[in-house]
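Q: Take a look at the letters that make up each chain.
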Amino acid sequence: NAGVTQTPKFQVLKTGQSMTLQCAQDMNHNSMYWYRQDPGMGLRLIYYSASEGTTDKGEVPNGYNVSRLNKREFSLRLESAAPSQTSVYFCASSATPGYNQPQHFGDGTRLSIL
Amino acid sequence: RKEVEQDPGPFNVPEGATVAFNCTYSNSASQSFFWYRQDCRKEPKLLMSVYSSGNEDGRFTAQLNRASQYISLLIRDSKLSDSATYLCVVSLSGGYNKLIFGAGTRLAVHP
Chain F
1 NAGVTQTPKF QVLKTGQSMT LQCAQDMNHN SMYWYRQDPG MGLRLIYYSA SEGTTDKGEV
61 PNGYNVSRLN KREFSLRLES AAPSQTSVYF CASSATPGYN QPQHFGDGTR LSIL
Chain G
1001 RKEVEQDPGP FNVPEGATVA FNCTYSNSAS QSFFWYRQDC RKEPKLLMSV YSSGNEDGRF
1061 TAQLNRASQY ISLLIRDSKL SDSATYLCVV SLSGGYNKLI FGAGTRLAVH P
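Taken in order, these protein sequences are the chains called F and G.
Heads up: the first sequence at position 57 corresponds to 57 in this note's numbering, and the numbers run straight through without jumps.
Quick note: to get this note's numbering, add 1000 to the position in the second sequence (first position is 1).
Hints in this document: simulated from the structure, not taken from any laboratory.
Take these hints with a grain of salt, some might be off.
Mimicking DSS-like on lysine-lysine, the simulated pairs with C-alpha atoms at most 25 Å apart in a straight line are [what the hints assert, rightly or not]:
id, chain 1, residue 1, chain 2, residue 2
1, F, K9, G, K1045
2, F, K71, G, K1098
3, F, K71, G, K1079
4, F, K71, F, K9
5, G, K1098, F, K57
Now the stretches of chain F that chain G is said to cover, found in silico as 3 or more residues with beta-carbon under 8 Å [to be verified]:
id, stretch
6, 41-54
7, 78-84
Beta carbons are placed, not taken as given, at the ideal position from N, Cα and C, and that holds for glycine.
Working from the sequences, and respecting the hints, build out all of it.
A: Dropping the structure here:
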């Protein structure tokens, strides 16, 4: 039961470097999300994709870009990493964009920017 | 003011105890409500949805008070395995599945 799979699990970058976080789900879900989680704060939405072919900004999109490659995959790109982007990143999916749908999470990517 | 507020804890309780967590939300347009559980350095996992009439799942009982805009979670007969952070989550209607997460309440159950 893979569910939502994220790669890599850990990454250390230098300021200014770029990288892409990968996310794939095998539950045939339509909607996918990227969050970041920082100490003492709730998860905050970076970007979401309500359905294949669409992406929209969430609460904290600055410094990030996303690609919904197909129904299964949703990637998050940091073009020029900054120390403020040190965080734990979670990808999630839900069957539909509906407000009563729980979201299923991957096990996270721990990213440190030096 | 945070949109979803929780007491951060930690709540330290012995095995077998009953413990209750409360959560308040600020947006009266909130439509759906959930409790998620997050173990240390792991992903959040859905514990239960919260319905207007209240609902129970084994040792866990969730209540919703729309008038006062708060949600509660009651855990009876606490187990060591219940030690985790409990996240209160509300969902807003309109456009997409916008979940607003509280920062979580940490529970530590000791022998």
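Q: Against this structure, judge whether each hint is valid.
A: Tested hints:
no.: 1; hint: K9/F to K1045/G; in the structure: 18 Å, holds
no.: 2; hint: K71/F to K1098/G; in the structure: 19 Å, holds
no.: 3; hint: K71/F to K1079/G; in the structure: 39 Å, violated
no.: 4; hint: K71/F to K9/F; in the structure: 22 Å, holds
no.: 5; hint: K1098/G to K57/F; in the structure: 11 Å, holds
no.: 6; hint: 41-54; in the structure: holds (count 7)
no.: 7; hint: 78-84; in the structure: violated (count 0)
In the structure shown, a violation is registered for the earlier hints numbered 3 and 7, in ascending order.
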